[in-house]
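J.: Sequence:
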Amino acid sequence: MKKNISISQKALKTSGNPDMNAASAEKLRRAAGATGDEVYQLVGSSADGISSEEAQSRLSVYGLNEVDYDKAPSWYVQLFQSFANPFVFILLVIVAVSYITDVWYAAAGEKDWKTVIVVAAMIIISSLLSFFQEFRSNQAAEKLKQMVNTTAAVLRKGKDREEIPMTAIVPGDIVYL
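Going by my numbering, the first residue of the sequence shown is number -19, and it counts up by one from there.
Errors might be hidden in some of the hints.
[To be verified] In silico BS3-like pairs for lysine-lysine, Cα to Cα no more than 30 angstroms straight-line:
{"hint": "1", "residue 1": "K51", "residue 2": "K125"}
{"hint": "2", "residue 1": "K137", "residue 2": "K7"}
{"hint": "3", "residue 1": "K123", "residue 2": "K51"}
{"hint": "4", "residue 1": "K139", "residue 2": "K7"}
Keep in mind the hints are simulated off the structure, nothing from the lab. Note that the structure is a prediction, hence the values are computed from the model and not measured.
With the hints as constraints, model all of the structure from the sequences given.
T.: The following block contains the structure:
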């Protein structure tokens, strides 16, 4: 049974090379409607899988099977982002209005900086708390990513079922689900 597969333009823009993405998308479309033997032929494999030597060769050609995660922004970008939120903007409006009414237009002896200082302190404290929380959570997420070691069971010629790191899977491997 043939199926039509629609791949969005966003999906095609996931890597830096648009020609490679278009070629991969076309290959995926053909594989989706193909029989098992046609898929083996398309990826250069067989029902027995590929040999370990062929897997090493393909690993050097295609590289590691890794997902490219977005890295956390640098600390100074995170600090800026912690100040750029709606709550801070509302407090900045309050600071501006308080400054205008309590300091600028106030008589010489009646200038009152209390509201301006308190609300400005609230902005600084709120933003710094947000920054430290975000910064620590990004660091913890990075450590967790480094700790995770996933494996997959594959069928390779001459071997029954082999457990390999997920990064060592290459096109043509038969993966047990």
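J.: Would the pair K139 and K7 pass a check requiring their Cα atoms to be no farther apart than 30 angstroms?
T.: OK: K139 and K7 at ~28 angstroms, within 30 angstroms.
J.: If you draw a straight line from the CA of K123 to the CA of K51, is it 30 angstroms or shorter?
T.: Roughly 12 angstroms between the alpha carbons, so the hint for K123 and K51 holds.
J.: Would the hint linking K137 and K7 be met if the CA-CA limit is 30 angstroms?
T.: Holds - the C-alpha atoms of K7 and K137 are around 24 angstroms apart, at most 30 angstroms.
J.: So if I understand the rule, the pair passes when the alpha-carbon distance is 30 angstroms or less; does K51 with K125 pass?
T.: This hinted pair holds, its Cα atoms lying about 11 angstroms apart.
Checked against the numbered hints given earlier, the structure satisfies every one of them.
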